[in-house]
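*Asks:* These are the residues of each chain, in order.
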Amino acid sequence: MRNRTLKRGFTLIELMITIALALSMVALIVPIFQISTKTVTAVERRLTIYAATRNILDILDAELRLATINERGEHFSIKKFAYMDADPFTPAGNNKFFESRREADAVNYMNMNPGAYRWQANSTTRLPGSYAFPLAYGEIDSFNPEGWQVSMRSTLAYQQCQEYETWTLPSRATQLADVGEIASSSIFYSTNALWTNTNNTPRINMHLDRYPNQNAPGNEIRVGRPFNTNVGQQNMRRIEGIRLMDFDIAYWDDTAQQFLNVPDSRVVYFAPPPKAMRVTVTVCDYQKQGQVTLSRVVWLPVGLGTGTVTASDDTYYVTGTTATNLIQYDGLTQPSNAFNRTKKMSQLPESPTRYKEADIINNNGADLPIGWP
Amino acid sequence: MLSYSNPRARGLTLMEVLIAMFIFLVGIVGVLSAIPAGVSTAENVILMDCSIHLAHSKFSEFRRDRVNPVIDLVDGSAYMIAKQGPLATRPDGSAHPDQTDSDVGTHGVWRDFAYVNATDTYHWFDEIQRYDWRVDQDILNNKIPGKGQADNGPNTSCPPGFYHPVMGGQDIGLRSIQISVRLKGSARMFQFTQYMYAYDAP
Numbered sequence: 011m012r013n014r015t016l017k018r019g020f021t022l023i024e025l026m027i028t029i030a031l032a033l034s035m036v037a038l039i040v041p042i043f044q045i046s047t048k049t050v051t052a053v054e055r056r057l058t059i060y061a062a063t064r065n066i067l068d069i070l071d072a073e074l075r076l077a078t079i080n081e082r083g084e085h086f087s088i089k090k091f092a093y094m095d096a097d098p099f100t101p102a103g104n105n106k107f108f109e110s111r112r113e114a115d116a117v118n119y120m121n122m123n124p125g126a127y128r129w130q131a132n133s134t135t136r137l138p139g140s141y142a143f144p145l146a147y148g149e150i151d152s153f154n155p156e157g158w159q160v161s162m163r164s165t166l167a168y169q170q171c172q173e174y175e176t177w178t179l180p181s182r183a184t185q186l187a188d189v190g191e192i193a194s195s196s197i198f199y200s201t202n203a204l205w206t207n208t209n210n211t212p213r214i215n216m217h218l219d220r221y222p223n224q225n226a227p228g229n230e231i232r233v234g235r236p237f238n239t240n241v242g243q244q245n246m247r248r249i250e251g252i253r254l255m256d257f258d259i260a261y262w263d264d265t266a267q268q269f270l271n272v273p274d275s276r277v278v279y280f281a282p283p284p285k286a287m288r289v290t291v292t293v294c295d296y297q298k299q300g301q302v303t304l305s306r307v308v309w310l311p312v313g314l315g316t317g318t319v320t321a322s323d324d325t326y327y328v329t330g331t332t333a334t335n336l337i338q339y340d341g342l343t344q345p346s347n348a349f350n351r352t353k354k355m356s357q358l359p360e361s362p363t364r365y366k367e368a369d370i371i372n373n374n375g376a377d378l379p380i381g382w383p
Numbered sequence: 006m007l008s009y010s011n012p013r014a015r016g017l018t019l020m021e022v023l024i025a026m027f028i029f030l031v032g033i034v035g036v037l038s039a040i041p042a043g044v045s046t047a048e049n050v051i052l053m054d055c056s057i058h059l060a061h062s063k064f065s066e067f068r069r070d071r072v073n074p075v076i077d078l079v080d081g082s083a084y085m086i087a088k089q090g091p092l093a094t095r096p097d098g099s100a101h102p103d104q105t106d107s108d109v110g111t112h113g114v115w116r117d118f119a120y121v122n123a124t125d126t127y128h129w130f131d132e133i134q135r136y137d138w139r140v141d142q143d144i145l146n147n148k149i150p151g152k153g154q155a156d157n158g159p160n161t162s163c164p165p166g167f168y169h170p171v172m173g174g175q176d177i178g179l180r181s182i183q184i185s186v187r188l189k190g191s192a193r194m195f196q197f198t199q200y201m202y203a204y205d206a207p
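Protein chains in written order, with the numbering used here: chain A, 11 to 383; chain B, 6 to 207.
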């Protein structure tokens, strides 16, 4: 039998007051939690974006300082591309960085950087002092590369080729519809491996100087080789994948005392390189809920030039496959007026789903097709 | 016999409930108060990030312009006046109170990163108007002691052709350059140091 006589519980009034107070506290605390959660989320997202921006600017700064030039006229070039995106994330308008205009520049040069991780899983044969993964994918067959032919660009300018059967890489149209798809892409070809006369046999018995002008105007890296074939694995390393809405390269004009941009759809081959560059990037997160635009001035140790672009030649850099159309043909007919001029580029082609330049590589080492800007 | 209630038990009084709720509220407020501290720390990280970009950019500018640190990086030099940003300003262009900080006489004046015009180097850098910078003048005047030198004293005997700092040779303007980047109007700043020397040294 239960004893139900001596216990006294809450009165209804007490209960109502207590519930009212509890509800008041909840009503007070929940918004605070919501605000706090939103704030923390926003801050974390912001930090992520800043970290990505720092990463890409650090990489660019470190790599660009290794740029070199030599007596064969290997160049330092900046290509200027801009496209209008169709992504509602960016407000309509043609102003740089804040609106629908997307900057997708490219900088091409040669660097002296002996070695990266050799491409072996156990890494026991790593070259002393070389980069470690993931800063660099090394190469296999070009044992001691003297340097690298470099192209730093955005995937909006040069879409990556399809590297794996199941990996569908976004076309330019896809990237312009979703700016979160645009990424950084830095490609490094071993200079040794550029002498391949078959698709997988670098002629390492040849000295670098035996093959001139591999990075002369017109021979810079365009659409990259796929990494998953022996052609790619054996002779390149890559640093890529940071989401990069804008990649803007300005050069220092010592006369104007300003950083200037190459006009749209133009290329300038500098000789010697300018004294400094300014790299400006806009980075967003994958969900496109935030973005930041930051810049870094990069001093070029080999930048001895005034950076003055003296003339414009809109017909010089054209698409074509015959010698008469080329900026540079065989390394022996280097035009004396190739440098420090603004040259118009033809429209970039969409990247093929299959890598077409590889066909050329496989063709007994014939030159890459000139005219693909 | 099994009893399901304690006959001596009584319910909580309203006062007890209120006290319990108050304690609970104090706890919640304590937890929430930590969040602004986290946000503040995050802001500091962002300041650090931006400071890295900005200070590195300034060092690159100095090297690009082939400065002689001893001459060109002194406040009031022709280089600083003509080539570097104006003194710290508010967004409306008026002088920022940072200009009159008590340590300006010792450490140097605060400058803006040039951003007002589209042709200015830092025009596109997000929220650039929030930061100012300076070359720390007191450190600028210190020579780097070389081998055999116990202090930063004058250069001593050394065969011609030997340059500072080894054995106190000829001064080639080698200095430790310290750049401070600061969140305007606050005590938050980060400092970065690089060695530089004069490009036109003999």
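Treat the hints as calculated values from the structure; they're not laboratory data.
Positions of the beta carbon are idealized from the N, C-alpha and C atoms, including for glycine.
A few of these clues could be false.
As the list claims (entries may be wrong) - Straight-line C-alpha distance at most 30 Å; calculated DSS-like pairs for lysine-lysine:
id, chain 1, residue 1, chain 2, residue 2
1, B, Lys-88, B, Lys-189
2, A, Lys-106, A, Lys-298
3, B, Lys-88, A, Lys-48
4, A, Lys-106, A, Lys-354
5, B, Lys-88, A, Lys-106
6, A, Lys-48, A, Lys-354
7, A, Lys-354, B, Lys-189
Stated by the list, open to error - Which bits of chain A does chain B cover? Going by a derived footprint, with three or more residues having C-beta under 8 Å, they are:
id, stretch
8, 39-47
9, 85-99
10, 181-195
11, 293-307
*Asks:* CA of Lys-106 (chain A) to CA of Lys-298 (chain A), is that 30 Å or under?
*Replies:* OK: Lys-106 (chain A) and Lys-298 (chain A) at ~18 Å, within 30 Å.
*Asks:* Below or equal to 30 Å on CA atoms is what counts here, so check Lys-48 (chain A) against Lys-354 (chain A).
*Replies:* violated (48 Å)
*Asks:* Count the residues of the stretch 85-99 of chain A whose CB lies closer than 8 Å to any CB of chain B, then report whether that count reaches three.
*Replies:* violated (count 0)
*Asks:* Do at least three Cβ atoms from the stretch 293-307 of chain A come closer than 8 Å to Cβ atoms of chain B?
*Replies:* Contact hint for the stretch 293-307 of chain A vs chain B: holds, 6 residues under 8 Å.
*Asks:* Lys-106 (chain A) and Lys-354 (chain A) were given as a pair; does the straight-line alpha-carbon distance stay at or below 30 Å?
*Replies:* Holds: Lys-106 (chain A) and Lys-354 (chain A) sit about 21 Å apart, inside 30 Å.
*Asks:* For the stretch 181-195 of chain A, does the count of residues with a C-beta closer than 8 Å to a C-beta of chain B reach 3?
*Replies:* violated (count 0)
*Asks:* Taking only the CA atoms, is the gap from Lys-88 (chain B) to Lys-189 (chain B) under or equal to 30 Å?
*Replies:* holds (21 Å)
*Asks:* Are the Cα atoms of Lys-88 (chain B) and Lys-48 (chain A) separated by 30 Å or less?
*Replies:* violated (43 Å)
*Asks:* Would the pair Lys-354 (chain A) and Lys-189 (chain B) pass a check requiring their Cα atoms to be no farther apart than 30 Å?
*Replies:* violated (44 Å)
*Asks:* Given the hinted pair Lys-88 (chain B) and Lys-106 (chain A), is their alpha-carbon gap at most 30 Å?
*Replies:* holds (25 Å)
*Asks:* Taking 8 Å as the C-beta cutoff, is the stated coverage of the stretch 39-47 of chain A by chain B satisfied by three or more residues?
*Replies:* That given contact holds, which follows from 4 residues of the stretch 39-47 of chain A lying within Cβ reach (below 8 Å) of chain B.
Comparing the model with each earlier hint shows violations of hints 3, 6, 7, 9 and 10; every other hint is respected.
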